[in-house]
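Chains as they are written, first to last, in this note's numbering: chain Y, 1 to 170; chain V, 1 to 928; chain B, 1 to 431.
Honestly, the hints are just simulated from the structure, not real lab data.
Beta carbons are placed, not taken as given, at the ideal position from N, Cα and C, and that holds for glycine.
Mixed in with the good hints, there may be bad ones.
To be verified - From the derived model, a few chain Y residues whose C-beta atoms are all more than 10 Å from chain B: (1) 41; (2) 95; (3) 101; (4) 111; (5) 117; (6) 146; (7) 157; (8) 159.
Stated by the list, open to error - If you want the footprint, here are the derived chain B segments under chain Y, 3+ residues with CB under 8 Å: (9) 160 to 170; (10) 245 to 253.
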Amino acid sequence: MKKTIATIAALGYFGVSFLLVGGLWYLWYRTGPAPLQPIAFPHTVHAGRLQIPCTFCHIFADRARSAGAPPLEKCMGCHKTIATEKEEIRKLTRHYEERRPIEWKRVYALPDFIYFSHKRHVKAGVECAMCHGDVAGMKRVRRVNELIMGWCVSCHRVRGAPRDCATCHK
Amino acid sequence: MKRRNFLWLLGVISGSTVMSACGSPNRSAKFTSYLLPPEEGIVPGEPSFHPSTCTECPAGCGVMARVREGRPVKLEGIPGHPVSDGGLCVRGQSSLYRLYHPERLRGPLARNGGKLRPISWEDAFSRVAGSLKGSREKGRKNLFLSGRTTGSVSRIADAACERLGVERLPEYEVYSHAAVKEANALLFGERDVPHYRIEEADFLLTVGADLLETHVSPVAYTRKISSARAGGNLLWYHVEPHISLTGANADRRYAIAPGREPLLLSFLLREVLEKRTPKVRLPAELLAALPRTTASTVSGIAGIPPESLKEIADRLAAAKRPLVIAGGVGTSQPGGLDVASAAGLLQWVTGAFPERVDFARSENYRAVGTLRDMENLSARMGRGEAGVLFLFRTDPVSSLPPRLAFRENLKKADLSVGMGEFLDDTLREADLVLPLSHSLESWGDVEPRRGIVSLLQPVLPPLHDTLSDGDVLLGLLGNPSGKRPAGGYRDLLAAAWGKRLGESGRSRLLRQGYLEEAVPKKPVSLDGKKAVSALRGVGEAGDVGKPVLFLTPSLRTFDGRSRNLPLLSEIPDPLTTITYGSWISVSEDTATRAGLRDRDEVTVAAADWKVVLPAKVQPGLPAGVFVVFRDAVPAPPIRTDPRTGGPVDTIEGVRIAKTGRTVAIPILSGSLSQQGRGLIPDPVHREEERRHKRWTLYPEHEHKEYRWAMAVDLDRCNGCTACVAACHIENNVPVVGKKDHLKGREMSWLRIEPFYGKGAVDFLPMLCQQCHYAPCETVCPVFAAYHNPEGLNVQVYKRCVGTRYCSNNCPYKVRRFNWWQHRWPEPMDRMLNPDVPAREVGVMEKCTFCIQRIRAGKDKAKDEGRKVRDGEFTTACAQSCPTGALTFGNLLDEDSKVYRLAHSERAYRVFETLGTVPSIHYLRGGKP
Amino acid sequence: MNPLALPPAMSPDTFLVLRYLLIAALLLYLPFLGIVIAGSAASLALNFFGREDRDEGALRLSREWIEAVTVNRWVLLLLGLLPYPAVAYLCLRILGGRTSLPAIAWIVPFGALLVGCPLLSLYRSAIRRTGEPPAAPFRAGTAGLLATGFASYLMFLLLGVLADPAKLPLVRSNLVFLFSWHSLVGFLLFLALSFGLAGGIALRFLGRSKAGEAGADPGYDARVRTAGTSFALGGALAAPALVVLYLVSLPATGMSAGVFVMAAAVPVLALAVFAPLSLLPGNGERTPGDRVTSLFVLMFLAVILCYQAAVGNAFQGLSAPPGPLAAAGAVSKGGPETEKPAAGDAAALEKGKKVYDAVCSVCHRFDVKIIGPPYNDVVPKYKGNVEKLKAFIRNPVKVDPSFPAMPKPPIKEDEIDAVARYLLFTVKVGK
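With the hints as constraints, model all of the structure from the sequences given.
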């Protein structure tokens with residue numbers, strides 16, 4: 001009897017830990033650093049091969065608090081005629097024609113209580129790659145750092161940016 | 001225990017400390033791309049500003065809606081607007097709650113089997129069309145009743161009524177100023193409320209009119225009075241039978257025996273006629289109609305000391321540009337017409353026309369009917385004459401006295417069509433409910449007074465399936481197929497504006513939000529004969545039998561229309577600091593005699609009417625006078641004044657009896673007296689203010705570029721609490737409700753403290769003083785409260801663990817704790833200002849000097865490579881204040897207004913002797 | 001070195017080679033270090049209690065155990081000290097060079113090792129000579145154990161930086177940030193596996209006297225068996241939970257399928273250790289030591305591979321290789337240098353260049369084909385006719401079948417004029 005309980009307990013324990021690993025894998029797959037996007041937009045082609053500057057699409061990176069995704073019209077500007085046979089482009093065109101904006105999965109998301117102004121950082125000369133990594137080399141955009149407060153503060157300290165709590169904490 | 005066991009235990013305990021799982025915030029958020037790039041000038045994350053008009057009360061103040069991501073999050077006054085000139089009152093600020101109220105009607109409803117069920121707009125309109133035809137065939141009258149409606153909507157309503165063969169009834173307003181209109185009609189042939197140009201006066205005498213609270217256009221009057229007084233150009237005396245916020249702020253306030261205003265005014269009239277130069281002649285019969293009295297008789301009857309009487313008379317006679325305004329409780333008494341007429345005559349003999357009393361730019365109350373008109377309507381409905389009855393933005397069922405039997409008679413109409421935003425008492429009785437869009441969702445215009453067109457424009461698409469006022473009326477006009485014209489009203493408006501104002505006028509209107517037109521001049525003449533009939537009751541000895549109960553409008557709910565906005569219940573009534581619940585104000589005399597204390601429940605009975613309310617002792621209220629807000633009691637027995645048709649808002653011969661119970665109502669102020677602490681200093685405390693060098697252990701704060709400070713002018717502050725509402729909305733301060741208020745746990749970051757003393761009331765706005773040596777900063781165990789390099793005391797919400805030691809240590813008690821996780825029910829969560837985080841439970845919060853605005857201002861200045869200029873931005877409270885009592889700025893900028901005020905002779909700080917060195921400089925009052 | 005610099009991008013091949021070398025070094029080093037720590041801990045504990053209770057068996061086990069795990073003094077010193085510089089060097093190289101971390105970060109652990117290993121060796125010698133060493137070597141042993149343990153903790157902190165390289169600037173600014181939760185959990189996992197492996201070693205090499213052999217001591221054998229089994233079971237039980245915690249604490253940037261697959265191996269292997277030892281009836285295995293030891297070594301391998309997979313992921317996309325878009329963020333540097341244009345046209349040309357940068361440069365360059373033809377080829381066809389070029393820009397038509405159709409550019413009339421002038425001027429002037 002005791003042996004059975006022990007067996008079941010042990011198998012349960014190991015089984016649960018195995019399943020937990022699986023569960024974490026599933027969670028990661030859904031919300032990890034490189035989420036699956038509704039349209040498989042490759043920065044390798046656009047930013048890499050074609051060398052389109054970041055601010056061509058992300059028009060608000062140097063003008064507003066949040067850089068945001070480019071408006072669909074920007075994509076259609078080229079893709080009305082370019083690469084229209086590809087499935088992803090057809091998906092894109094359907095979105096545009098049906099007036100359905102694309103809901104991208106957020107890769108770099110700061111919490112709600114943080115005030116972060118892209119405009120200020122770009123104007124201060126911080127390069128995109130410093131925080132976002134080698135986006136031009138990413139087929140699927142992945143987050144390359146954990147965006148912890150200490151990481152931000154270390155750069156602020158070195159560059160002489162304000163370190164007052166109220167600078168970022170709303 | 002044995003050593004090894006102890007070691008084992010220690011290991012287990014420390015090993016089982018929770019390991020933080022690298023706190024990853026919710027990273028699965030989605031973000032949506034635009035379809036088309038936003039138009040020029042719209043930058044995501046930056047607000048855009050769009051002018052519109054507030055429709056919370058009939059005053060029609062211009063508001064600038066601050067829009068973030070397609071939804072308005074804050075309303076501000078429009079500087080330069082002819083009505084409000086940049087100010088916005090407490091109700092106007094709270095009107096955003098109306099837009100996002102979860103209980104707003106979400107679609108048309110029709111009564112089916114006794115209950116209101118959803119139907120489509122098409123069906124609703126065809127039902128109306130069918131009923132209109134049907135009732136015409138039956139020989140019944142179709143009627144259209146609305147609240148005060150001005151501008152294009154009124155014209156469309158007229159056109160619609162004509163086309164459909166509907167009779168447009170006189171508009172219904174609870175406060176219709178019937179006595180003033182009747183008096184003006186008889187005396188001057190103008191049945192309207194004139195525009196009072198108080199800024200042109202040097203002596204203002206108000207009789208009952210609550211100019212600062214609800215009378216006609218309170219923000220405009222407040223602004224005019226405060227700027228005139230600040231310039232030292234205006235002296236203001238107020239006469240009232242009770243005590244009101246208006247009276248509390250006048251330079252002198254005289255308590256008059258109820259109903260004796262006609263006597264007082266006729267006395268003053270005779271005095272003025274005698275002493276004023278140049279002499280004005282009145283027709284003989286008119287002069288004869290005025291009773292001859294002596295100062296001592298009047299003083300005895302009216303209850304005003306003879307020296308005061310003499311003073312008022314002398315000032316009135318000697319002033320170069322005096323102005324007398326009667327209204328409010330002064331004219332809603334049995335002798336109301338006499339009061340209004342006497343005041344009109346005083347205006348006439350003091351030469352107030354047209355500089356100070358202007359009918360050419362009157363306040364557009366012409367089409368508003370009286371209580372008698374409603375009696376007639378109810379009688380007609382009772383007789384079965386009503387076919388289709390349209391009820392447009394009006395709530396007669398809850399405000400009319402029960403003797404009119406309006407609710408019962410309403411049922412007799414063939415089809416009652418209610419049009420409004422909420423399912424109020426009236427719409428609940430309607431057969432068909434057509435929901436209207438909020439003014440911030442609609443196109444339109446408002447004409448608050450003649451000669452002003454104020455724009456209404458939508459700043460967000462309708463939240464629910466509602467139509468704007470104009471679109472509903474157009475829909476009623478409809479086309480045969482019953483399809484409603486979507487947005488047809490907008491095109492109509494554009495064409496109408498183009499025709500009336502011209503192309504440039506229209507674009508100016510759209511850009512500015514308002515337009516002033518030229519109005520033809522109207523010469524005013526006095527009709528002596530009719531004036532005599534108006535003064536019929538002046539000499540009568542009749543008085544208002546004491547004890548008397550006054551039913552007054554409320555600053556927080558006006559005539560009751562704003563009572564469903566939760567913020568307005570959360571903000572305390574300035575005189576009593578009561579938040580939730582109704583009460584009856586009793587005089588100190590009555591309280592002593594009846595042994596009443598605050599919160600004791602009393603039965604208030606008169607004739608066949610009874611109500612049970614808790615009592616509040618109100619200092620300054622004359623003996624035998626009681627005050628209740630009109631919307632606080634259901635079905636009050638209001639009589640109709642036979643001479644004016646208006647309501648008589650007094651109930652005579654009331655009896656008060658203790659029931660023995662106490663009612664828990666939240667009274668937020670701990671004490672109505674300063675307890676000798678010199679919060680508002682009197683001469684005694686001036687000695688204490690000598691600033692000596694303080695010895696401190698803490699390192700001195702250095703301020704490099706900015707040091708934010710505020711100056712509060714106590715002379716200007718009138719306690720209207722507009723700043724409190726502005727702060728709530730700007731900073732996402734939650735509404736905590738009655739239960740927490742009963743525990744004394746108020747949430748508003750800014751409070752107005754009334755202090756009674758020496759027969760006067762002073763109002764002290766108290767907010768976080770941003771102390772230089774803040775007692776709260778030193779006791780926070782986690783450094784959540786700290787002093788930032790710009791002089792602010794910053795609270796970092798994420799660090800706060802909720803020890804509440806900071807609030808304990810604060811001598812001003814301005815820190816607020818989140819005892820609960822506050823929820824914002826849909827769609828109210830869209831009202832949240834995205835620049836300010838919503839605090840979690842267990843976190844301390846307080847005034848931040850609108851740090852989000854400081855940050856935005858500095859950001860903009862940095863873009864342009866310069867420092868922030870004085871006046872470029874200001875805090876929400878300062879921006880909303882109609883009197884300009886609050887000034888915010890950079891103390892290191894020697895040209896700034898706040899620097900000048902902080903270094904003025906009147907400046908002092910609260911609890912200066914504690915050594916906290918606050919950044920808020922109060923300017924003490926200099927009232928005579 | 002620029003304190004803000006992230007690990008520079010290196011060629012994928014170099015990176016892979018370095019990582020494989022690190023795997024090898026860790027596989028060689030960590031199990032040995034682990035069993036030294038676990039074995040010494042066991043030995044010291046047994047010695048301590050053995051002396052108190054006058055337990056011969058415990059003292060014997062204490063001696064034999066440490067002898068088994070350290071083989072001999074030289075193995076202890078060499079294998080305990082020498083691989084560390086290799087590991088440290090590889091870590092630093094991956095992070096970007098010798099100066100990528102302050103020297104103190106990798107010198108202090110080495111110093112601790114230099115102190116710890118000799119002390120342990122001292123203890124070992126002392127315990128070999130007399131089964132019951134006097135106080136001093138015992139204390140030396142304890143000190144040595146603590147020092148070695150501390151050194152290995154610091155080494156794990158160092159290894160942890162590789163799993164979260166974006167944190168490197170933060171660590172450089174203040175060494176306190178070397179601490180990370182995944183390093184701590186990793187260290188605990190290391191300890192768990194080490195204890196398990198030490199137990200396996202005990203089962204394999206100690207107390208194997210045959211019945212009837214001279215010096216056979218069944219009591220002692222049973223003791224060994226108990227001790228070894230409990231260590232093995234403890235490690236096997238702790239490992240799965242710690243692996244789950246490790247996955248939870250790893251930074252999200254390190255995640256990939258490989259990490260999870262490797263991590264999933266650990267509970268399976270742990271069950272394989274656990275089940276036969278405790279669940280099967282009867283006297284079970286005769287020689288579980290082999291199985292237990294190899295399974296724990298496999299677990300070490302799985303964890304090291306899991307960690308290395310995380311490192312590989314974390315470095316992915318972190319730093320842009322040097323190149324024109326490496327410092328991307330500014331508008332492109334398109335268009336060749338032009339000589340000073342006539343004064344009046346300067347503004348129009350300035351504007352035209354802006355339009356080119358913002359709109360046309362997506363598809364066109366002057367000298368190469370991107371999507372559309374290079375300007376140097378097509379613009380001369382207009383022979384300086386501004387109106388003709390403007391007409392084309394306003395309504396582009398497909399001319400050359402080898403290029404895709406040009407979409408109508410979303411620019412206003414004045415911008416069309418400006419860019420046309422700019423193109424004609426620039427191509428005319430030429431390179």
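query = When you look at the beta carbon of residue 157 of chain Y, is every beta carbon of chain B farther off than 10 Å?
reply = Violated, because the least Cβ-Cβ distance between residue 157 of chain Y and chain B comes to about 6 Å, which does not exceed 10 Å.
message = Is the claim that residue 146 of chain Y lies outside the interface with chain B correct, judged by CB distances over 10 Å?
response = 5 Å, violated
No chain B beta carbon within 10 Å of residue 159 of chain Y's = For residue 159 of chain Y, whose nearest Cβ neighbour in chain B is about 8 Å away, the distance does not exceed 10 Å, so it is violated.
inquiry  = Using a Cβ cutoff of 8 Å, are there at least 3 residues of the segment 160 to 170 of chain B near chain Y, or does the coverage claim fail?
reply    = holds (count 5)
request  = Determine whether the non-interface label on residue 41 of chain Y survives the test: each CB of chain B must be over 10 Å from its CB.
outcome  = 15 Å, holds
ask   = In terms of Cβ atoms, is chain B entirely out of 10 Å range of residue 117 of chain Y?
value = 15 Å, holds
key: Proximity test - 8 Å, beta-carbon atoms, the segment 245 to 253 of chain B to chain Y, at least three hits   = holds (count 5)
inquiry  = Does residue 101 of chain Y clear chain B by more than 10 Å, comparing its Cβ with all Cβ atoms of that chain?
reply    = 18 Å, holds
request  = Quick one: work out the minimum CB distance from residue 95 of chain Y to chain B and report holds if it exceeds 10 Å, violated otherwise.
outcome  = It holds; residue 95 of chain Y is separated from chain B by about 18 Å at its closest Cβ, greater than 10 Å.
ask   = When you look at the beta carbon of residue 111 of chain Y, is every beta carbon of chain B farther off than 10 Å?
value = 15 Å, holds
The structure is inconsistent with the numbered hints 6, 7, 8, although it conforms to all the rest.
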